[in-house]
Amino acid sequence: MTAAATPASSPATAGERPGVRMARSRRNAELSLLFLAMALVAAYGAMVEAKVLDTVTPGFWVPAAALTAVFLGMHLVIRFLAPFADPALLPAVALLNGLGVGFLRRLDLARATPEERADLTIFAGIGGRQLAWTLISVILAATLLAVMRDHRSVSRYAYTLGLAGIVLVMLPAVLPASISEINGAKLWVRIGSFSIQPGEFAKLALLVFFAYYLVRKREVLSLASHRFLGIDFPRGRDLGPVLVVWVISLLVLVFEKDLGTSLLYFGMFVATVYIATERVSWLLIGLVLFFGGAYLAYVLGEAVGGPFANFYLRAQIWLDPFAQPYDDGYQLVQGLLALGTGGLFGAGPGGGQPLLLPEVQNDFIFAGIGEEIGLFGLSALLVIYLLIVERGLRAALAVRDSFGKLLAGGLAFTLALQVFVIVGGISKLIPLTGQTTPFLSAGGSSLMANWLLIAVLLRVSDAGRRPVNGVGGKVNRPSGGPPEQLHGAPTEVIKP
Amino acid sequence: MNAPLRRVGIVVIVLFGLLFANLNWIQAYKADEYRTSDYNGRVQVAKYDRKRGNIEAGGTALAVSKETDGELKYLRTYPGGAKYAHVLGYEPVNGTATGLERVENDFLAGTSDQLIVNRLRDMVTGDRTAGGNVLLTLSRQAQDTAYDELRNNNVGATKGAAIAIDPSTGAVQALVSMPSFDPNPLASHDTNEATSAYNELEQAAGRPLRNRALAEVLPPGSTFKIVVAAAALENGIGKETQIPAGSSYTPPTSGEPIRNAAPSICPQAQVTLMTAVTDSCNTGFAKLGVQLGPDVIKEKSRQFGFEQEDLTVGRLGEGGLGVEASRTGSMENPDGGVDPAALAQSSIGQRDVRMTPLQGAMIAAAVAHNGSQMRPYLVRQLLAPDRTTVYDTADPRELRRPVSGQVAADLRDMMVSVVENGTGRNARINGYTVGGKTGTAQSAPDRPDHGWFIGFALDSNGNAVSAVCVVLEEAGSGGSAEAARIAGRIMRAAIAQPGGR
Chain A
6 MTAAATPASS
16 PATAGERPGV
26 RMARSRRNAE
36 LSLLFLAMAL
46 VAAYGAMVEA
56 KVLDTVTPGF
66 WVPAAALTAV
76 FLGMHLVIRF
86 LAPFADPALL
96 PAVALLNGLG
106 VGFLRRLDLA
116 RATPEERADL
126 TIFAGIGGRQ
136 LAWTLISVIL
146 AATLLAVMRD
156 HRSVSRYAYT
166 LGLAGIVLVM
176 LPAVLPASIS
186 EINGAKLWVR
196 IGSFSIQPGE
206 FAKLALLVFF
216 AYYLVRKREV
226 LSLASHRFLG
236 IDFPRGRDLG
246 PVLVVWVISL
256 LVLVFEKDLG
266 TSLLYFGMFV
276 ATVYIATERV
286 SWLLIGLVLF
296 FGGAYLAYVL
306 GEAVGGPFAN
316 FYLRAQIWLD
326 PFAQPYDDGY
336 QLVQGLLALG
346 TGGLFGAGPG
356 GGQPLLLPEV
366 QNDFIFAGIG
376 EEIGLFGLSA
386 LLVIYLLIVE
396 RGLRAALAVR
406 DSFGKLLAGG
416 LAFTLALQVF
426 VIVGGISKLI
436 PLTGQTTPFL
446 SAGGSSLMAN
456 WLLIAVLLRV
466 SDAGRRPVNG
476 VGGKVNRPSG
486 GPPEQLHGAP
496 TEVIKP
Chain B
2 MNAPLRRVGI
12 VVIVLFGLLF
22 ANLNWIQAYK
32 ADEYRTSDYN
42 GRVQVAKYDR
52 KRGNIEAGGT
62 ALAVSKETDG
72 ELKYLRTYPG
82 GAKYAHVLGY
92 EPVNGTATGL
102 ERVENDFLAG
112 TSDQLIVNRL
122 RDMVTGDRTA
132 GGNVLLTLSR
142 QAQDTAYDEL
152 RNNNVGATKG
162 AAIAIDPSTG
172 AVQALVSMPS
182 FDPNPLASHD
192 TNEATSAYNE
202 LEQAAGRPLR
212 NRALAEVLPP
222 GSTFKIVVAA
232 AALENGIGKE
242 TQIPAGSSYT
252 PPTSGEPIRN
262 AAPSICPQAQ
272 VTLMTAVTDS
282 CNTGFAKLGV
292 QLGPDVIKEK
302 SRQFGFEQED
312 LTVGRLGEGG
322 LGVEASRTGS
332 MENPDGGVDP
342 AALAQSSIGQ
352 RDVRMTPLQG
362 AMIAAAVAHN
372 GSQMRPYLVR
382 QLLAPDRTTV
392 YDTADPRELR
402 RPVSGQVAAD
412 LRDMMVSVVE
422 NGTGRNARIN
432 GYTVGGKTGT
442 AQSAPDRPDH
452 GWFIGFALDS
462 NGNAVSAVCV
472 VLEEAGSGGS
482 AEAARIAGRI
492 MRAAIAQPGG
502 R
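So the protein lines, in turn, are chains A and B.
Read in order, the letters of the first sequence correspond to residues 6 to 501 in the numbering used here.
Read in order, the letters of the second sequence correspond to residues 2 to 502 in the numbering used here.
Any given hint could turn out to be false.
Stated by the list, open to error - Partial list, derived from the structure: chain B residues whose beta carbon lies under 7 angstroms from chain A:
{"id": "1", "residue": "N3"}
{"id": "2", "residue": "Q28"}
{"id": "3", "residue": "G42"}
{"id": "4", "residue": "V46"}
To be verified - DSBU-like mimics (lysine-lysine), calculated; alpha carbons at most 35 angstroms apart, straight line:
{"id": "5", "chain 1": "B", "residue 1": "K52", "chain 2": "B", "residue 2": "K67"}
{"id": "6", "chain 1": "B", "residue 1": "K48", "chain 2": "A", "residue 2": "K56"}
{"id": "7", "chain 1": "B", "residue 1": "K67", "chain 2": "A", "residue 2": "K56"}
{"id": "8", "chain 1": "B", "residue 1": "K74", "chain 2": "B", "residue 2": "K48"}
{"id": "9", "chain 1": "A", "residue 1": "K56", "chain 2": "B", "residue 2": "K31"}
{"id": "10", "chain 1": "B", "residue 1": "K74", "chain 2": "A", "residue 2": "K56"}
{"id": "11", "chain 1": "A", "residue 1": "K56", "chain 2": "B", "residue 2": "K52"}
Keep in mind the hints are simulated off the structure, nothing from the lab.
Glycine included, each C-beta is placed from N, C-alpha and C at the ideal position.
Given only the sequences and the hints, what does the whole structure look like? Please build it.
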């Protein structure tokens, strides 16, 4: 808690000293950035049409205008319900979301015959559906901001959410493959043509539970008993919760055939444990457990196959995708070729051949976009993701309660990890797993869950940046919150 | 809890740094390898993104790219179907192009250096540079006639070739190889369809993908006597000079007697050279060959174009479809001395003598064009994509001069006599002077003979207007007479519509 001892060292906490500097909501900055982002989205749409259709239609601005209207609504909600929220989050997410819609619309244009193109209305095709999902997701995010006036209020439902999270994670695994399996990964619940990935929502629910649980248990978990190689290792009985989550992750890995989701949950948990306990030993234990488990799954997959075979196959593809370029390695090979063809500058919006990529609207959207905007464009996208993540972490730093810190920090890290898993997967940095690319990939559940995640980050950042009553005073907490917790007490600053 | 949060922030930066480094590796370091990878369909799609130029003859497009709704934007189609297949070749989606599609690929695709100005202009205007157009020398009427007559020949031959050239320029007027094939399925965007069509053709009897007019070498039979006659004329023998003949001739040291095609042909002890050519007297030419010696005959053959390995037919300046070298073969004993039997047989176009149909047409053309053999070519002109600028108009050039004007005139007289009084009567054309030489060549004991005809047509002023070679493989008896008839039809069509010069 070094930052708490010297609050002025962090700009985000400057508001705690009104005498030094007035807290500013910076809502107008948010509005300007939002317009800038939407101007970029409109320009992207125009460039795509110029390249794909050889002409810019008079209606090129319509999707961008619709998005602008939606995000302006969100901006107004933030202005009234979370006036001190971080001003960079909404524009950054809006830009990614808008580019995603633009790219999906670009796929529609490429797929449509010349006659169909005329009929490509604003809500037609996957681009139009993504636009509709954006509308719904943003409304839900706004609703969450309205309902959750204080992020700590959700901790009251922590156990319910935790249980719901586990159910959501395990649901596809126990359902028959016919309604849960798409392209070899059992991650889905399909009802007719409608499908959701419950795991996307499980992330949020589980994080609320983790944060609450760890705030309660962090004192116990940070107790060290064995010191080995200069690192304090926890007592064996305290390992319990970590082992439980580890086992659940491995079960997900094996039965849902998805290393990515497994890595995501386990990484999420280890990160929150580490943030809560400040013990490096938990990180080491987590890494050893995870990589040990993955290696074990690999060995078992080679030796006995069965439920481990899929993971073994994925690892094989990762090691040498060009060994079977037309069947098993096809996706990854095509992704690499798309990225390589894009090169430094890319083929320009609309100039690539994304339809050659399997699953370009989902898993491989980053490769599809990468072919057209090149290394420089992808680097910019990564920077925007990084900006969102670091703003989330900054909200965690600024907020005063441990639950909020764990929640925001965990969410921000999870977002980063998801980007790492999918972008690393398609670029052969790590084995490929089916993950959505946050805010870009087509798909309602992913978009919705990530917008809810952003709503929580906005709420936490609002709490962190909100000015307090009086110098060095107490947090301006609405009534009805949980009692103040022990770790918030100033005695903690004497801890080494 | 802020210290671990900050460290998590650093971990995130490290993770993103790894992504960034890896993207650099793929998009910068490995980019070229991936871009040009065999598994990268983008190269192909990009190729089909721009309109490939036409190949045209006589104002008609024979190979055109049509816009499609598919991912590959343009489909290559060949409206002429099988008729022009061996000249144009085809451009498959996967695999190597053949024919002029391959030879002129850079220009047709628009990537040629010659089109750099167009590309620069299109870069400014934002248009996608189309490919240039290739205009051929072919006479559509001559090509039609050659194709139809070969296919419907009266002796039932299933394999053969015909080629007609303008003797005064070398412009190819017709080029047909039989059997032919439809190139359209081979250019299909459905690669399965294209592959199965190719496999079927590859295994078909008669090997339809083979361009027999340029690539098939066959024993030329009596058509080779023109070369021997040329050598004789240059070695003190006139066209009215009496040469030894007879009903049978057994060369020294070998028991195999050479006979004439019929007992009525030159049974007397001596005939004039003119008669020997007119009636295709085997014994006369066998004796003549032995008298002249192998070096003279080989040298004369070489001067007519035998043994040339690097001849191509396409653009005059450069490149083109490869032509198999014609050969006179060995006329020696194993110990290196002259083998009179081999020499005698070679002198009537048998033994190891092998000739392409193009070579036959070039011999006739040289005779018709006063002893000057023009370099054969197929590409008349290259047109810019917008059809305004003309690149590379063909400028006919002499390839070689195998015989003097006088020798050529004598040969012409003898060949005209063949058509007017001898074995080549079927080739006659009203109002034109036609000369030629038939040939019946044995290939193998168990196979029917090949029927050959080489010839030319002169207009009333004595100017050469067309030279032709027709071969009907394994046609059997009557093959050369049928070849002469077809040759006459082709030349008549070429006269009516000479094609590009």
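Quick rundown of the hints versus the structure:
The beta carbon of N3/B comes within 4 angstroms of a beta carbon in chain A, closer than 7 angstroms, and the hint placing it at the interface holds. Annotation: Q28/B was flagged as interfacial toward chain A, and the flag holds, the nearest CB pair being 4 angstroms apart, inside 7 angstroms. At its closest, the beta carbon of G42/B sits 5 angstroms from a beta carbon of chain A; the interface hint therefore holds under the 7 angstroms criterion. The interface hint given for V46/B holds, since its Cβ lies 5 angstroms from the closest Cβ of chain A, which is under the 7 angstroms cut-off.
Proposed proximity of K52/B and K67/B is supported: the alpha carbons are some 8 angstroms apart, at most 35 angstroms. A distance of roughly 16 angstroms separates the Cα atoms of K48/B and K56/A; the hinted pair therefore holds under the 35 angstroms criterion. For a cut-off of 35 angstroms, the pair hint linking K67/B to K56/A stands: about 20 angstroms separates their Cα positions. Annotation: proposed proximity of K74/B to K48/B holds, straight-line Cα distance about 9 angstroms (limit 35 angstroms).
Between the alpha carbons of K56/A and K31/B the distance comes to roughly 26 angstroms, so the proposed pair stays at or under 35 angstroms and holds. For the hint pairing K74/B with K56/A, the CA-to-CA distance comes to about 14 angstroms; that is within 35 angstroms, so the pair holds. Restraint check for K56/A and K52/B: the C-alpha separation of about 16 angstroms stays at or below 35 angstroms, so the hint holds.
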